Amino acid sequence: MTKHHVTATVNGDEVEFLCETQETLLDVLRDQLGLTGTKEGCSTGDCGACSVTVDGRLVCSCLMLGIEANGKSIGTIEGMASGEELHPLQRKFLEHAALQCGVCTPGFLVAAKALLDRQPNPSETEVRYWLAGNLCRCTGYDKIVRAVLDAATEMRGA
Amino acid sequence: MRYEAPNSLDQAVALLANASGEARVLAGGTDLLVQMKTDLVDPVLLVDIKGIPETRQVKEEAGGFRIGAAVTGAELKEHPKLKSVWPGVVEAANLIGSTQIQGRATMGGNLCNGSPAADSVPALIAAGAKASVVGPKGRREIPVEDVMIGPRKLSLTKGEIIASFLLPPKPAHTGEAYLRFIPRTEMDIAVVGCGVCLTLDAKGKCTAARIALGAVAERPLLVPAAAAALVGTSVDEGAMQKLAAAASAACRPIDDKRGTKDFRIKVAGVLARRAAQIALERARKS
Amino acid sequence: MQEKVNDAPGSDYTYVGTRPIRPDGVDKVTGRAKFGADLAMAGQLVGKVLRSPHPHARIRSIDTSAAEKLAGVKAVITGKDFMDQPSEFIPAGEMMINYRDVVRNVMAREKALYEGHAIAAVAATSAAVAKQALKLIKVDYEVLPHVIDVVEAMKPGAPLLHEDMYTAGVEPAPKTPSNVAKRIEFVLGDVAAGFKQADVIVEREFTTKPVHQGYIEPHACIASVSEDGTADIWVTTQGHWIVRAHCARLLGWDVNKIRATSSEIGGGFGGKTVVYLEPLALALAKKARRPVKMVMTREEVFRASGPTSGAHVRVKIGAKKDGRIVAAEAELKYQAGAFAGSPVQPGAMCAYAPYDLENVKVVGYDVVTNRPKVAAYRAPGGPISEFAVESVIDELAGRIGMDPIELRLKNAAKEGTKAAYGPKFGPIGMIDTLKAAKSHAHWRTPLGKNQGRGVASGFWFNIGGETSVSLSLNEDGTLSLTAGTPDIGGLRASLCMMAAEELKVPLDKIRVQIGDTGQLGYNFLTGGSRATFSSGMATVEAAREVMKEACKRAAKLWELPEDAVEYKDGAVRPAGPNAGKHNPMTLKEIAGIAGKTGGPIAGYSRINAHGAAPSLATHVCDVEVDPETGKVSVVRYTAIQDAGRAIHPSYVEGQYQGGVAQGIGWALNEEYIYGADGKMQNAGFLDYRVPVASDLPMIDTVIVEVPNPRHPYGVRGVGETPIVPPMAAVANAVANATGIRFTDLPMSPPKVLKALDEARAKGTAKI
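Chains as they are written, first to last, in my numbering: chain A, 214 to 371; chain B, 2 to 287; chain C, 298 to 1064.
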C-alpha cells in the first residue's frame, strides 16, 4: 500500500508524515504526531471533541483526511497557550469551573477561540449556537457559556 | 484506495469516467468519510475536486451568481453580497450540521449525497437554481430539482460532476427563505424542510412563487400546487391556508426514527406558511 | 445565577466552601491530560471485537482458524478463554452483578443475547488487519425469536433468554422458567386501608425508554502481560480496583498479578463501573505477548455497553382533601437487558422516599430482554420511579386544588421519618429545598404565551464504602495525597481543600493524585455519589493521623508527654500548662526531624465509610410549547438541592447542572430506537439526541446546606440526585402549558403534536 507524503504546519511547527488515503487528520494527529489533546468521541462529526482549525477554519478533524492537510496550517489545543501563558479562554474555563471530566474541553476551547477570533462580542445565543456542535455530557453548558462570555469581555479590554 | 486531486474539470471527469470500481468525488467529505467509516461505501478511488477553480469560486455572472459546487457553507456566509441577495440559500447551507461541519460541507456534496432531507436543496430549488454539470460529453445545465431521483440515486451519469450552481438574476420585490423542523435546536437531520421564494408586483400582489419541500418524499420536491396557491394573491391568510394545505398534500413521507408520516404531513404545512411569511417580509423590503 | 442558602454553621473555614482552581485543571485545558485512548505502548497491537448481528441466537460453533492464519494477527479469543463462573451476586456500585453473567456478557458462551454481544476478539498489527480478521471468523448461529419490550417479555410464551431463570421472591417458587429474574416488595402499613380513607385517588401508568449515559469518551484500555504473568492495564474507569477484581476472576489469576491504573476519565455516570474490553485486552495481551490497545467506537458504545432500563410503571396515590397522602402504591417493571440486574431495587427504594407516609407498597420486577445488559446510570432506577410518582403528585395537587409545593411540604420527609425501604432519616433537606423553591424568584415570575411551569422533588440515598487514602509528609514539608477513587469532576480539588483545612497549610503544598491498585489498599469505585464523602472522610482521617504523628515527634524532641502537645493553626505547639515553653514547629520543621525521631511521617486511612446521608432536591422548570409542531423548549430551570456542605461550590453546582441536562434529554429526546428486528436504529450521536448547547438555558442552582452529622465536614453526596427530578419537572411544566399529562417518555414532538390534536378535538387543550 503506497502512502501519501504530507507536509503541513501544526501549531506553527512544520511537520511531515506518511498516511494512507483513508486515514483521517484525527488519526494522524493522535497516532503519528502524538498530539492526543484532540479527542475522538464519535468519528461521525456529531460531537466536536475532535475540533481543530485548518487555515483558521473550525472543522472536525475526524471528517478530514490526513492527505487533505497537505500544505495547510492546523491549529490544535496544544497550540493554544503561548509558552507559559494560558489563553484567556483557558484561564476562564478554569475560573468558572467550565469543565468536569475535561474530555470535551479541548474541542470547546478550539471552537470558542474560533468564535472569538471572528466575533469578539458574541451574545449568549450566538455562543450557544456556535458551540452546538460540541457535546458536553457533564456540565449542562452553563459554566462553559459563562466562561466564553467572560473571556470575550476580557479580550475586548472591556 | 487511490486519492487524486486534479486541477481541472477535464481531468476530474476523465478519472471518474475511467474508474474501474467505485469512485467518489471528495468535496467537504462530511458525508463521504462517515459512509466510508461505517463501511457503507468502499471506494477504490477518491477524486478531490477542491483544487479545481470553478468549484471553489463565487462569481457574479449574467445578473445572477455562479457558486462553485465545493464552496463551503461558512464561505458562502462570508461572501460580501450573496447573503443579502439570497439569504435563504445561505442560511440553508449554514443549517447543515454544526459550525465545524459548515466549515467543510458544500452544496454540491449536500445535493449529490442523495438524501431527501438535505438542507440546502429545497432552498436552491425554490430559488430556481440550476446545476452546471460537466461530464465526458461536455457541459449541461439542469434544474436542481431534477438532479435527485431517489434516495442515493442521481440523474447524473458516470463521469459527470456538478461543477457549480447558477442562481438566476433576482427580480425586484423577491424574497426567499428556508426553514426546517428538527427536534432539537441544532445538529439534527431535517424532519421536514421547506424553501419558499416569491415575487411581488409593485402593488404587493404575488406574481411568481416556487415552493420546495425536503424530507417528505423520496427526493426533494418542487410543489407547483403550493406556488399556485400564492400566485395572483396578496399572500393573505386565505392564500396561506391554501399554501399550507397544498404543501401537506404534496407529501409522501415515511415513518422513521426521525418522524412519523402524520407529523411530517402536518408540519410541512406549518413550515410552508412560516417560510412564506419570512419570504414575504423579505420581498416587501427588497 | 447560583445561590446558597442555609450556610451551615461552622462555616468560617479557610478553604472549604471557597472556589480555588482545581489542581488537575491546567492539564485538562491544554490537552496534556491523558484519557483512556491517549496512551501508547511500544509494540502495541490493535484489539477489535466481533459482535453478534442477531438479538437472540444459539451459538453452535465458532471457527477462528482462518482469522488466526491471517498475516498480522497475533491472537484470537473466544468465550473459551475465560473461566466459567458459578452464580454469585456481588455489589457493583449501587447495583448487584452476578459473575456467571459477567463472564457471559464480556464474551458470549452458549448464546448471543443481544445485537452487539461480543462473540470473539482479535489482536493484530493494525486496525485494518484486525477488521479483516473479524470477517474471517465463522460463527454458526441458530437464530432464535427475540423479545425487546418489558411487558412482552413478561408474558407467558415469550421467547426465553435463560432456561434456568425462575423468578426469585415469589412464593411458592414458580415451576416454569421465565424472563422475570426477581420480584421485590417494600411495604409500610396497609395501603388497602389507606386508600379507603382517601378523598381523592390518582392512578396512572407510565412508560420510559432505555437511555444511555452518553459519556463523550468511549471505553478504552491498553493491557500488557509479561512472560511471568504480571499484567498492567491502563483503563478509563470509575473503579480500577473493580476492574482488577473482575479481570482476575474471569481470567483465573491472583488479584495481585494485575496492576490497574485509571486514566483521566471522560465521563462515566455509572456506565464505567463494569468491564467490557478489559478482560479481553488482558487475555489477548497474554496470548500475543504484546500490549493490546482496545477502544470502542461510538457505535459499539451504543450497541454493546449498558444503557439504563426502559420501564413500565404504575403509580396510585390517595390523599385527603387537605393534602395529606394516606396511601401510595407503585408497580415497577424494569428491563435488565440480557442478564438479570436492572436497578428496580433502588428504584423501588426511592420512589416515595421524599415523603413521610404511613401506608406504602412498592412492588418491582426485574425482567430480562434481548438488549444490552443495563449498567448503572446516575441514581440508577430512581429517575424512572420518581418521574412517575412526582407526576402523580402533581396531578393530585391539581385535583385537590392545592399548590404543588404546598402538597409536598404537607407530606415531606424529615428527620425521624421512617422510609418505606427501612431506615429512619437523620436530618435531611426536603423541607428546606421546598421552601427555597417557594421563595425563589423563579416561582413568582409570570409566564409567557404557550408556557408552563412544573415543580418536582427527588431523592437519592448515596453510599459510603471501602476507601483507602495515603497522605505523606515530604522532606520539605509539602504533602503528597494519594486517593483511589477516580476523579470524574473536581474530586482532587475537594480532597486537597479538606486536607488543607485540617492541616491549615496552603492548597499548593498538597499535591493530590489518584493512585493505581498497587499503591493503596482497596478502594470501591467512584459512584453512588461517594467519592467526596468517602475519600474525603479518609483524607480527613489521614490528615489527623499526620498531625498526631507530628505531635508525637515534637513531644519526643521536647521531652513532653504526647498528650501535652497539640496541632493548632498550622503548627505543632506545647499545650495547656506547657504553652509557650517551646517554639511552635511547622510541618516543614517536623519533616526535618522525621528521620531521627522514628522515620517518614504519613497517614494511611483504611475505612469502610459509614454515615452517607441522602440528598434531597426540588426543581422548578418552565417550558414553552410550539402549538403547531409540538416542540417543547426548556426556557428556564432552577435546581435546588441539599449538599450537606459544599466543599467546592462550583463543582457542586456543576453536578446539579449536569444532572439537569441529562434529565431534560431523557424527558424530551433521548431514547433507544429499535426496529421489529431487535436491532438498534440510532447508534450514534446524530439520532441519539442528547441536549446541545443551544437547547438549554442557563441552569440556575441553589445549594442548600443541611450538614450530614456523620461526616467531619457535613458532606452529602450530590452527584446523583440532580438527575432525579427533571423528567417530572419537565412533564409537569408541559402539563401546565398544554393541559395534557404525558406519561410516555420521551415527549418528542410527534407525540406531543398528536396529543395536542387529540386534546383539541375534545376541547381540553390549553394551547
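Simulated from the structure, these hints should not be mistaken for lab results.
Accuracy of the hints is not assured; some may be wrong.
For lysine to aspartate or glutamate, the following EDC-like pairs were computed, each having C-alpha atoms within a straight-line distance of at most 20 Å [as the list claims (entries may be wrong)]: (1) A:Lys216 <-> B:Asp11; (2) C:Lys618 <-> C:Glu500; (3) C:Lys428 <-> B:Glu55; (4) B:Lys262 <-> C:Glu596; (5) C:Lys428 <-> A:Glu236; (6) B:Lys51 <-> B:Asp11; (7) B:Lys51 <-> A:Asp268; (8) B:Lys38 <-> C:Glu596; (9) B:Lys258 <-> C:Asp984; (10) C:Lys1051 <-> B:Glu5; (11) B:Lys159 <-> B:Glu5; (12) B:Lys38 <-> A:Asp244; (13) B:Lys138 <-> B:Asp256; (14) C:Lys976 <-> B:Glu55; (15) C:Lys331 <-> A:Glu291.
As the structure is a computational prediction, the values presented were derived from the model and not from experiment.
Outcome of the hint check:
| no. | hint | result |
| --- | --- | --- |
| 1 | A:Lys216 <-> B:Asp11 | 26 Å, violated |
| 2 | C:Lys618 <-> C:Glu500 | 16 Å, holds |
| 3 | C:Lys428 <-> B:Glu55 | 39 Å, violated |
| 4 | B:Lys262 <-> C:Glu596 | 27 Å, violated |
| 5 | C:Lys428 <-> A:Glu236 | 15 Å, holds |
| 6 | B:Lys51 <-> B:Asp11 | 14 Å, holds |
| 7 | B:Lys51 <-> A:Asp268 | 15 Å, holds |
| 8 | B:Lys38 <-> C:Glu596 | 11 Å, holds |
| 9 | B:Lys258 <-> C:Asp984 | 8 Å, holds |
| 10 | C:Lys1051 <-> B:Glu5 | 51 Å, violated |
| 11 | B:Lys159 <-> B:Glu5 | 17 Å, holds |
| 12 | B:Lys38 <-> A:Asp244 | 17 Å, holds |
| 13 | B:Lys138 <-> B:Asp256 | 40 Å, violated |
| 14 | C:Lys976 <-> B:Glu55 | 44 Å, violated |
| 15 | C:Lys331 <-> A:Glu291 | 13 Å, holds |
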